[in-house]
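**Q** As they're listed, the protein sequences go chains G and Z. Just so we're aligned, residue 1 is where the first sequence starts under full-length UniProt numbering, counting upward by one. Just so we're aligned, residue 1 is where the second sequence starts under full-length UniProt numbering, counting upward by one.
It is worth saying that the hints were derived from the structure and are not from the lab. Note that beta-carbon positions come from the ideal geometry of N, C-alpha and C, so glycine has one too. Incorrect hints may appear among the rest.
Stated by the list, open to error - In silico lysine to aspartate or glutamate, DMTMM-like type, Cα no more than 20 Å apart, as pairs:
#	chain 1	residue 1	chain 2	residue 2
1	G	K293	Z	D111
2	Z	K99	Z	D111
3	G	K77	G	D66
4	Z	K99	G	E47
5	Z	K99	Z	D133
6	G	K77	G	E199
7	Z	K99	G	D194
8	Z	K71	Z	D133
9	G	K77	G	E47
10	Z	K99	Z	E156
11	Z	K114	Z	E156
12	G	K293	Z	D31
To be verified - Between beta-carbon pairs, the in silico distance windows are:
#	chain 1	residue 1	chain 2	residue 2	range
13	Z	G167	G	L37	50 to 56 Å
14	G	L134	Z	D31	48 to 54 Å
15	G	L43	Z	D111	56 to 62 Å
16	G	R24	Z	S44	55 to 61 Å
17	Z	Q138	G	S140	40 to 46 Å
18	G	K127	Z	D79	28 to 34 Å
19	G	S140	Z	R176	55 to 61 Å
20	G	R196	Z	R236	58 to 64 Å
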Amino acid sequence: MSSGAANAASVQRSAAARVTWRSRLRGATHRAGLIALTVVALLAFYEGYNWLWRATGWTWPFPADDTTLPHLWTIFKAFADPAQVNQPSLFSVLMHKALFTAKEAFAGFVLGALFGFALGAVLAHSKLLQRGFLPYIVGSQTIPILAIAPMVVIWVNPKLPAGMQGWGAVAVISAYLTFFPVAVNSLRGLNSADPRMLELMRTYAASTWTVLWKVRFPASLPYVFSALKVAATASVVGAIIGELPSGLQSGLGGAILNFNQYYSIEPQELWATNIVAALLGIIFFLAVLGAEKAVVRRAPERRA
Amino acid sequence: MTEPTTVVSVSGVTKTFPRGNVTALQDINLDLGAGEFISLIGPSGCGKSTLLRVIGDLVEPTSGSVTINGKSAHQARTDRDYGIVFQDAVLFDWRTVSKNIELPLEMLGWDRPKRRTRVAEMLALVELTGFGDHHPWQLSGGMQQRVSIARALAFEPALLLMDEPFGALDEMTRERLNLELLSIWQQLQSTVVFVTHSISEAVFLSTRVVVMSPRPGRIAGIVDIDLPGPRSVETREDPRFFELVTEVRELLRMRGEHLLPEEEAAVAGEDA
Ligand SMILES: Nc1ncnc2c1ncn2[C@@H]1O[C@H](COP(=O)(O)OP(=O)(O)OP(=O)(O)O)[C@@H](O)[C@H]1O
Ligand SMILES: [Mg+2]
Chain G
1 MSSGAANAAS VQRSAAARVT WRSRLRGATH RAGLIALTVV ALLAFYEGYN WLWRATGWTW
61 PFPADDTTLP HLWTIFKAFA DPAQVNQPSL FSVLMHKALF TAKEAFAGFV LGALFGFALG
121 AVLAHSKLLQ RGFLPYIVGS QTIPILAIAP MVVIWVNPKL PAGMQGWGAV AVISAYLTFF
181 PVAVNSLRGL NSADPRMLEL MRTYAASTWT VLWKVRFPAS LPYVFSALKV AATASVVGAI
241 IGELPSGLQS GLGGAILNFN QYYSIEPQEL WATNIVAALL GIIFFLAVLG AEKAVVRRAP
301 ERRA
Chain Z
1 MTEPTTVVSV SGVTKTFPRG NVTALQDINL DLGAGEFISL IGPSGCGKST LLRVIGDLVE
61 PTSGSVTING KSAHQARTDR DYGIVFQDAV LFDWRTVSKN IELPLEMLGW DRPKRRTRVA
121 EMLALVELTG FGDHHPWQLS GGMQQRVSIA RALAFEPALL LMDEPFGALD EMTRERLNLE
181 LLSIWQQLQS TVVFVTHSIS EAVFLSTRVV VMSPRPGRIA GIVDIDLPGP RSVETREDPR
241 FFELVTEVRE LLRMRGEHLL PEEEAAVAGE DA
């Protein structure tokens, strides 16, 4: 091709880059606006219900009073007030606890994702193992996490170094919730590789490892990421639930257990904690979403 | 013709697919000399792709054997003796055009600078300079197919297996790529097995055209293409070209008594 044509192509390309950059910015502003609008609408609905049901005294589906639906301003004020006399604000206490839970959840997420993917990869290469193990893997998820948590704590804690005591076991419980969707979707994704691509790799006399790394793994990414999005929020839930039987006080799970006992007196503190827990889950989800956007390169119409 | 070194030798190959009990190939015997350009032509389902895949050791023959450069087909595949182009481009979405062409070079363990240089040459060869950083879905079907040809040629295999590489392209692009393929073939001095549905394409490109007939897949006849000189745009106007096209068509028709009517129509309308 002549250099003139090559230049034309590169000019075209940079023009295209400029357009996508601008349209991306517009898309982002659009989305942020939409999210803000949704949040405002939800908050308005909450307070609207609150006002109407309190004014009319309606009780269906549930009544509104200071215990069932504390006002938004009560909840936000609770963030600023000290949780206990002579202590820092509830907000700063919850931030510390959220950080602790985030550490557990992140470790659990990474552990679960790695184990889940490895499991999926092993199963993808053996129909026999697939048939033998898949029922048990599915079965593992029917056991309530609260039923296995005490065992995990007793088994895992003695094996952990001093710096990981307590939270390490919770991470394992969280991993128990996260490995499953990742394993199932990795298996599906690794098997989704185009058979013609596998055939092409055969003509290069590629080893199983090379095929896994160069074809199956990239082909599985869209599947793996949709599992990771589920796993991201599951890891937070797993960490919070895992804290309950462990008797850990440093995380959000401990705080929830604690504020539960005072719910009838001070419901706003539990509500505040729930908001923080939900935000933590959302942050995890968004982190995975961001990673997906950065990593997965696919034809736009095929992007999941 | 003096006896050239045999590159591909197919002897007594029969392939039966257990599913549906189809005899895709029956007793195929074919020898390919070094530097030959052989086209396989025949109605749909006559086993052209199957024969190509048997040669490439992607399908096991039920009986008979294939040797390539004196080795078993399996050994030849493990030694990466051939490059293949499928009917569809089969490009990796997650790789850029350059990275797609680099794939076989990565498999051969070439270092990065060497790969880069070769990719640039290949892009120029298929006239895609400037598109190296594009992803496959940003290219037209014809451009994608050119990338897959560049990928197959990148490591300069002595043997090229091509399964209807230009089947999906428009007539103009097809004729241009035909000329390009011929000049590459002359440059690299490679041996080519080329599957096509088009009689004129087969005659234009080949040194020999192998006509196949279906159910069971057999070789109906082989036409030596004795067109003078290097092929060019004028070749298509050469009276000898028309004679050879007619010869191939007759051979296809003669063996086509037991074709289904729509296949008959496809064969007849082929090179219009
Ligand atoms: N994997 C397979 N399993 C069962 N039958 C097969 C398989 N592959 C091919 N066949 C059968 O073998 C016969 C030859 O198929 P093949 O793909 O080689 O034909 P072809 O000449 O390449 O046709 P086309 O021109 O349409 O590509 C067909 O009848 C087909 O149904
Ligand atoms: Mg075919």
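**Q** Hint by hint, note whether the structure agrees.
**A** Status of each hint after checking the structure:
1. About 30 Å separates the Cα atoms of G/K293 and Z/D111, which puts this hinted pair outside 20 Å; it is violated.
2. Among the hinted pairs, Z/K99 with Z/D111 is consistent with the structure: their alpha-carbon atoms are about 13 Å apart, no more than 20 Å.
3. As the CA atoms of G/K77 and G/D66 are separated by approximately 14 Å, the hinted pair is consistent with the 20 Å bound.
4. Simply put, Z/K99 and G/E47 have alpha-carbon atoms about 56 Å apart, too far for the 20 Å limit, and the pair is violated.
5. Proposed proximity of Z/K99 and Z/D133 is supported: the alpha carbons are some 8 Å apart, at most 20 Å.
6. Under the criterion of a C-alpha separation no larger than 20 Å, the hint pairing G/K77 with G/E199 is inconsistent with the structure, at around 64 Å.
7. Between Z/K99 and G/D194, the direct Cα distance comes to roughly 18 Å. Compliance with the 20 Å bound is thereby established for this hinted pair.
8. Using a Cα cut-off of 20 Å, the hinted pair Z/K71 and Z/D133 is violated, with the two alpha carbons roughly 39 Å apart.
9. A hinted pair counts as satisfied when its Cα atoms are at most 20 Å apart, and G/K77 with G/E47 qualifies at roughly 16 Å.
10. Between Z/K99 and Z/E156 the alpha-carbon distance is near 17 Å, which keeps this suggested pair within the 20 Å criterion.
11. The suggested pairing of Z/K114 with Z/E156 holds, with an alpha-carbon distance near 14 Å, which does not exceed 20 Å.
12. Distance restraint check for G/K293 and Z/D31: the Cα-Cα separation of roughly 52 Å exceeds the 20 Å cut-off, and the hinted pair is therefore not satisfied.
13. A beta carbon spacing of about 51 Å between Z/G167 and G/L37 agrees with the range 50 to 56 Å that was offered as a hint.
14. Checked against the hint of 48 to 54 Å, the pair G/L134 and Z/D31 passes, with Cβ atoms roughly 50 Å apart.
15. Checking the proposed 56 to 62 Å range against G/L43 and Z/D111 shows it holds: the Cβ atoms sit about 59 Å from each other.
16. Hint check: G/R24 to Z/S44, Cβ distance near 46 Å, so the stated range 55 to 61 Å is violated.
17. Against the hinted window of 40 to 46 Å, the Cβ-Cβ separation of Z/Q138 and G/S140 comes to about 43 Å, which satisfies the hint.
18. The hinted window of 28 to 34 Å between G/K127 and Z/D79 holds, with their beta carbons roughly 30 Å apart.
19. Under the hint 55 to 61 Å, the C-beta atoms of G/S140 and Z/R176, about 59 Å apart, fit the expected range.
20. Distance hint check for G/R196 and Z/R236: the Cβ-Cβ separation is about 32 Å, which falls outside the suggested range of 58 to 64 Å.
Violated hints, listed in ascending order, are 1, 4, 6, 8, 12, 16 and 20; each of the other numbered hints is respected by the structure.
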